[in-house]
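Asks: Letter by letter, the chains look like this.
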Amino acid sequence: MEELITVQDVSFRYQEDQPHVLHGVSLSVYKGEWLAIVGHNGSGKSTLAKLLNGLQLPEKGDVLVEGYNSRDEESIWEIRRRVGIVFQNPDNQFVGTSVRDDVAFGLENSGMARELMLERINESVQKVRMEDYLDQEPHRLSGGQKQRVAIAGIIALRPSIVILDEATSMLDPAGRREVLQTMRKLKEEEGMTVISITHDLEEAAQADRLVVMNAGEVIDEGIPVEVFKKGDMLEQIGLDLPFPLQVQRALSERGYDFSRLTLSQEELVNELWTLQLKV
Amino acid sequence: MQNIIIGQYVPGQSFIHKLDPRAKLLTAFLFVIIVFLANNWITYVLLGAFTLLAIFVSKLPLRYIYNGLKPILLVIILTFLLHVFLTKEGPLLLDLGFLEVYEGGVEQGIFISLRLLFLILITSLLTLTTTPIDITVGIETLLGPMKKIGLPVHEFALMMSIALRFIPTLLEETEKIMKAQSARGAQFSSGPIKERLKSIVPLLVPLFVSAFKRAEDLAMAMEARGYRGGEGRTSIRLLKWSGKDTTLFIILLLLCVSLLLLRS
Ligand SMILES: Nc1ncnc2c1ncn2[C@@H]1O[C@H](COP(=O)(O)OP(=O)(O)OP(=O)(O)O)[C@@H](O)[C@H]1O
Ligand SMILES: [Mg+2]
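As they're listed, the protein sequences go chains W and Z. Everything in the first sequence is counted per the working numbering, starting at 1 for the first residue and increasing by one. Everything in the second sequence is counted per the working numbering, starting at 280 for the first residue and increasing by one.
Since the hints were made in silico from the structure, they are not lab data. Glycine included, each C-beta is placed from N, C-alpha and C at the ideal position. Treat the hints loosely; a few may be bogus.
[Stated by the list, open to error] From the structure, some residues in chain W lie toward chain Z, with a derived Cβ separation under 7 Å: (1) N41; (2) N53; (3) R80; (4) I85; (5) N89; (6) D91; (7) Q93; (8) A104; (9) F105; (10) E108; (11) G111; (12) M117; (13) Q136; (14) S142; (15) H199.
[Claimed, not checked] Here are the simulated DSSO-like pairs of lysine-lysine, each with C-alpha atoms no more than 30 Å apart in a straight line: (16) Z:K492 with W:K50; (17) W:K60 with Z:K492; (18) W:K50 with W:K187.
[As the list claims (entries may be wrong)] Chain W stretches covered by chain Z per the calculated footprint, using a threshold of three residues with CB under 8 Å from any CB of chain Z: (19) 26 to 33; (20) 152 to 164.
Take the sequences, apply the hints, and build the full model.
Replies: Okay, here's the thing in structure tokens:
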């Protein structure tokens with residue numbers, strides 16, 4: 001698998017006189033994967049995201065994006081074009097006075113010719129199904145729609161990686177579904193690499209790979225089923241296990257044996273009725 | 280609330296609506312200058328005709344124009360009265376003992392108030408037929424050359440457009456905070472003035488805190504999307520100078536020449 005991002009032993013703090021926020025973090029991101037990063041509040045997830053596209057520079061260690069090191073001043077713009085971030089608050093990242101203006105913002109920054117810009121804008125708003133709202137003003141859009149516009153503004157730049165930094169946490173369930181579906185489609189159809197930073201372990205369970213952070217360190221990494229086997233550890237660092245898993249754990253405590261971990265409701269239901277068959 | 284982001288803009292398809300914002304801005308600017316050329320009845324009639332024609336062509340409902348005029352009407356009337364009472368020229372028209380009205384005063388009063396009226400009408404026509412963002416883009420392109428002498432034209436335009444974009448958001452937020460504070464017993468719309476002023480503080484503090492947070496977030500989001508100042512930046516907004524705009528300038532030129540010929 002092609003490695004898109006390499007984080008090598010990175011330490012970081014915001015100010016000299018403050019404690020480190022990241023301690024010796026190492027991490028790889030591979031092409032075409034959906035990587036979820038989970039961790040308690042303040043564990044350094046957003047900080048890591050900012051390091052991944054050069055908004056912050058490591059104090060120690062290196063961040064490499066497709067071979068560009070964020071320490072090289074010239075590389076920064078290449079890195080920012082390759083790694084897009086959708087932030088948490090839908091309102092605070094909407095720059096333009098209309099959907100078209102907002103999607104154009106990144107393209108304008110890159111100095112693209114207007115004709116090409118219009119093409120890219122049409123293409124990307126279609127991908128997030130916002131083509132009917134091009135002239136709409138932001139205060140007439142729902143949170144989910146705004147986040148989709150933010151995604152359009154990022155994919156218009158044809159990045160290789162999109163980071164969702166709790167991009168769905170301020171949305172209602174419908175908006176959340178909207179945004180995640182849009183991203184899944186982009187991943188399937190365009191081969192986009194997605195890094196999803198989330199508190200929602202149920203969502204993280206759907207990822208290809210999972211990274212667990214605690215107090216500025218990566219404490220675990222692997223496919224969700226493997227990571228969730230360490231349920232106690234996850235609970236210990238203050239994460240809420242997915243509901244199906246909680247049910248399963250509660251039942252196991254009461255002496256029921258399951259053949260495998262159930263991370264989704266469907267899996268749990270299947271396990272439960274086969275359990276009854278065995279009994 | 281919507282009124283604020285679109286300013287006073289009244290959507291339409293008239294000749295004036297379709298003009299390039301640069302043409303409209305320049306016209307309004309030039310009009311402010313040539314208004315001062317008028318100094319007799321015929322030149323004022325000419326200016327009036329131009330203004331009325333512009334209003335007619337814009338197809339705006341007169342109500343909007345009147346609304347724009349309303350706050351300034353008092354100033355116009357006051358100017359008129361001041362001139363009527365204070366200018367002592369020409370034959371005496373009226374003598375009330377404590378107050379004398381001369382013909383020159385009435386004439387001056389009418390001229391000066393007409394001048395004010397025309398200025399207000401033409402400039403509000405600009406804002407009524409152009410969206411604030413178009414005005415911003417127009418100003419940015421017109422002042423573009425000033426970048427060379429270090430004027431932060433791009434920054435100013437960006438600031439304007441971000442302000443326009445966030446006004447509705449902040450208003451919405453104000454409303455929300457007001458409701459939250461009302462629920463805790465704050466009174467914004469009744470009670471003595473002093474109490475009401477006091478109740479503004481718990482409204483402004485959270486509003487400012489959140490505005491700063493928004494500004495910080497926005498700056499980060501802009502940087503993340505590769506913003507690095509105005510240099511080398513292109514724009515999605517395209518201004519097109521068309522035959523209409525040239526026509527407007529020819530009319531303006533004719534007006535200017537006629538004023539120069541007819542003024543005394
Ligand atoms: N701009 C900043 N200046 C100084 N310290 C900061 C700044 N941003 C974050 N921190 C600190 O860095 C630590 C990690 O913050 P970070 O935002 O990366 O956490 P997080 O994992 O994203 O948390 P959350 O789940 O709440 O978003 C926190 O202790 C926080 O107080
Ligand atoms: Mg965060």
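Asks: Look at each hint and say if it fits the structure.
Replies: Right, here's what the structure says about each hint:
| no. | hint | verdict |
| --- | --- | --- |
| 1 | N41 | 16 Å, violated |
| 2 | N53 | 6 Å, holds |
| 3 | R80 | 5 Å, holds |
| 4 | I85 | 5 Å, holds |
| 5 | N89 | 6 Å, holds |
| 6 | D91 | 6 Å, holds |
| 7 | Q93 | 4 Å, holds |
| 8 | A104 | 4 Å, holds |
| 9 | F105 | 6 Å, holds |
| 10 | E108 | 5 Å, holds |
| 11 | G111 | 5 Å, holds |
| 12 | M117 | 6 Å, holds |
| 13 | Q136 | 12 Å, violated |
| 14 | S142 | 13 Å, violated |
| 15 | H199 | 18 Å, violated |
| 16 | Z:K492 with W:K50 | 17 Å, holds |
| 17 | W:K60 with Z:K492 | 29 Å, holds |
| 18 | W:K50 with W:K187 | 22 Å, holds |
| 19 | 26 to 33 | violated (count 0) |
| 20 | 152 to 164 | holds (count 3) |
Checked against the numbered hints listed earlier, the structure breaks hints 1, 13, 14, 15, 19; every other hint is satisfied.
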